[in-house]
Amino acid sequence: MFGGILALIALAAFFGLILGLAAIVFKVESSPIVEQIDALLPQTQCGQCSFAGCRPYAEAIAAGDAPINLCPPGGENTVQALADLLDVEVLPLEEEENADLGPMVAIIIEDTCIGCTLCIQACPVDAILGAAKQMHTVIESECTGCELCVAPCPVDCIEMVPVKQTLKSWRWPVPQYTVNNEAAASIFATVDQALAENTRP
Amino acid sequence: MSQSLSQTVSNTIKDSLHQLRSFHGGIKLKGKKSLSVQHPITSSEIPKEIVLPLSQHIGVPAEPVVKVGDKVLKGQLLGHAEGPVSAPVHASSSGTVTAIEERLVPHPSGLSALCVIIETDGYDQWQACTPLIGDHDHSHQSIETLGIEQITQQIANAGIVGLGGALYPSAAKLQTAEKMKTGTLIINAAECEPYITCDDALMRSRPEEIILGILLIKKVVGAKKCLIGIEDNKPEAYETLQKTIRGYERTLSSHSEAIIEVIQVPTIYPAGGEKQLIQMLTGKEVPTQGLPMDIGMICHNITTAAAVYQAVYRGEPLVSRIVTVTGGAVKEPQNMEVALGTTIRDVLNQAGLYEDKIDKIIMGGPMMGFALPAIDTPVTKATNCLLVSEPGELATPPPAMPCIRCGRCADSCPMSLLPQQMYWYAKARDLEKAQDYNIFDCIECGCCSYVCPSNIPLVQYFRYAKTEIWDDERERNKANIARERHEFRQERLEKARLAKAEAARLRKEKLAKKKAEDKKKAEQNAASGETKTPPSQSDLIKEAIARSKAKKAQQQTHRKNTENLTEAQQKQINSVNQRRRERNKLSQTESNDGDEQD
Chain A
1 MFGGILALIA LAAFFGLILG LAAIVFKVES SPIVEQIDAL LPQTQCGQCS FAGCRPYAEA
61 IAAGDAPINL CPPGGENTVQ ALADLLDVEV LPLEEEENAD LGPMVAIIIE DTCIGCTLCI
121 QACPVDAILG AAKQMHTVIE SECTGCELCV APCPVDCIEM VPVKQTLKSW RWPVPQYTVN
181 NEAAASIFAT VDQALAENTR P
Chain B
1 MSQSLSQTVS NTIKDSLHQL RSFHGGIKLK GKKSLSVQHP ITSSEIPKEI VLPLSQHIGV
61 PAEPVVKVGD KVLKGQLLGH AEGPVSAPVH ASSSGTVTAI EERLVPHPSG LSALCVIIET
121 DGYDQWQACT PLIGDHDHSH QSIETLGIEQ ITQQIANAGI VGLGGALYPS AAKLQTAEKM
181 KTGTLIINAA ECEPYITCDD ALMRSRPEEI ILGILLIKKV VGAKKCLIGI EDNKPEAYET
241 LQKTIRGYER TLSSHSEAII EVIQVPTIYP AGGEKQLIQM LTGKEVPTQG LPMDIGMICH
301 NITTAAAVYQ AVYRGEPLVS RIVTVTGGAV KEPQNMEVAL GTTIRDVLNQ AGLYEDKIDK
361 IIMGGPMMGF ALPAIDTPVT KATNCLLVSE PGELATPPPA MPCIRCGRCA DSCPMSLLPQ
421 QMYWYAKARD LEKAQDYNIF DCIECGCCSY VCPSNIPLVQ YFRYAKTEIW DDERERNKAN
481 IARERHEFRQ ERLEKARLAK AEAARLRKEK LAKKKAEDKK KAEQNAASGE TKTPPSQSDL
541 IKEAIARSKA KKAQQQTHRK NTENLTEAQQ KQINSVNQRR RERNKLSQTE SNDGDEQD
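If you're matching them up, the sequences are chains A and B in order. Be aware that the first sequence starts at 1, since it is given in the working numbering, and climbs by one per residue. Be aware that the second sequence starts at 1, since it is given in the working numbering, and climbs by one per residue.
Pairs of lysine-lysine, DSS-like flavour, derived with a Cα cap of 25 Å:
no.: 1; chain 1: A; residue 1: K133; chain 2: B; residue 2: K500
no.: 2; chain 1: B; residue 1: K521; chain 2: B; residue 2: K542
no.: 3; chain 1: A; residue 1: K168; chain 2: B; residue 2: K466
no.: 4; chain 1: A; residue 1: K164; chain 2: B; residue 2: K478
no.: 5; chain 1: B; residue 1: K433; chain 2: A; residue 2: K168
If you're looking for bench data, these hints aren't it; they were derived computationally from the structure. These figures come from a predicted structure and were not determined experimentally.
Required output: the full structure, derived from the provided sequences and hints.
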């Protein structure tokens, strides 16, 4: 009996050692939840969620300090994706009044620009080019449309315009799916009638 | 002679014995091809204005190389290819460039794209062309002597793209095929969509050009075997091709093997799909999300072969194409050779329309074409057919009913997909799930929508889902770039902050060091017994004041023009000052604006 217990203890120690070593050697680097949330956010760095950029918001969501519906640029799709990831309920998006204008991009009216560099300092993705007392310009392909450069401009020379649609970026519209309920109803009515006739005594 | 006869017989036997496999699904459609195929190919008139989009292909748009006001000749380069997957654009008639601007292009979106606009001079004068082989030298040797690189370059320079509808730059496709050591060349002559007959007409009227073009392509890709697949509803074209190939083979010295096989395939829509044709001819299936090259094959359209001939034997770039103009509302349905850039309105006017009968104007066939958003758009390399239907000719689907899960769409799908599943997911915008059901294998043939008893616009849903997925992908890429840039900026700002703090620390250290040194010196002085005390604060200030006074005095001596004035001058100055003061007072009271003082 004593021998049996000893053998079992030895086995447990042996496998415990193997498992312990395997856990260290074959450690799977799972991407932390913050990274996963951050990957779903649109990275406009606009701060509309009241956090200082997308990553701080992701951190706040991960810590449970912020709801998932604070990101207007991401729209419903982002809320849906976040809900799927975190397995929480979908919340309606906190709507902004100009939310449905589609993606926007900033342009600088170059005649008016005085070269103050304030917008350059405000841009979270370094998408504005220029130097002191030189005209500035926005690199359109890098602009995220966060509008952070609009407020600091002392001469109001920055405008937000919708992103121009090209043949490449064009999307097919949702098909006009009009279920013909009347037709369906009439079919069901006929079926009902036939059934009623059949069941007549 | 007897040898060639036996060869012919053996080939005929081989043809009849060629085991045809069939592909999954497909539907039988009414051909309606006899409308437009009765007459020989006509030529369109040179229009007054030509509009040539710089993007008539898949890939990066061409970069314009002409300026407004330039005189151009027919065949002259207007835009050169940008990057490896791009194609150049050439002038399709001679004239003057009047604008390079955004114009409406034939696309379901109804959007504009950059075009070169030419006002034609009516002479239609070609530029000097540089063919690789003389136009009448149809010998096999001349093809053999050409280098592969040479032919590919000529094809690239001619702006040839896949004219079956894919519009992929042919030279790029050939280069990949050459590298991948493709064994079989498939030439697509099936032309399975109803109404369209442009390939049929081309095969009947220019078989020689097609065969030579195919031989050139075969040479480039190094294929051992070449199969032409043609639907059995085009017996005349089949015969013509066969005859031409036999005639060509007779000129060869060796008769070891048939150079090109023409094989008739049953008329089932969509037999003209690249993957379906390959499956019918060889029995091999192109893997999901793959290309024919993955199974050692390459597929080209018969019209592309003819364009290759023109580029190599005549040195002519792709500046025109054959367009089928057909439909119930067209007075004279026909195949017309149209200069690219001619507006669709001009082409239709030339064929004549019953204006009171026009229902829809469609570019492409009734299955895969789209209703043109505008008629004043140009004919491009993609325009194979213009279909003007009369009311009742093309059924407008009645309103959709709910899906009853009958599974007919899955039965008809030539790609063996599950349209009903993809439809649910596309409708719910569950794009990931739709991709799991291989939505990107969908060739958008429209069989599923055609057979659906509930009239659900299935293929429209798949197109919608595909573009949505692409859009999401673009957004994701953009977000990743934005994240990178933002992180880089954060890092840069952090670095700058640290550098600043470091500099401040160094300055402080230096100051502290200096102070310590001063203190040490003072102590030393005190220790050595000298009575010289460090100057007190007030002494230092006094010294500074004295210095500044001296400096001022020095400066004042320089103001020679206001010093040592005579009495008269002084008086004059005083009076001027007086007047100025008075005026200032006046203007101040008038406008109450201090800024206006001068």
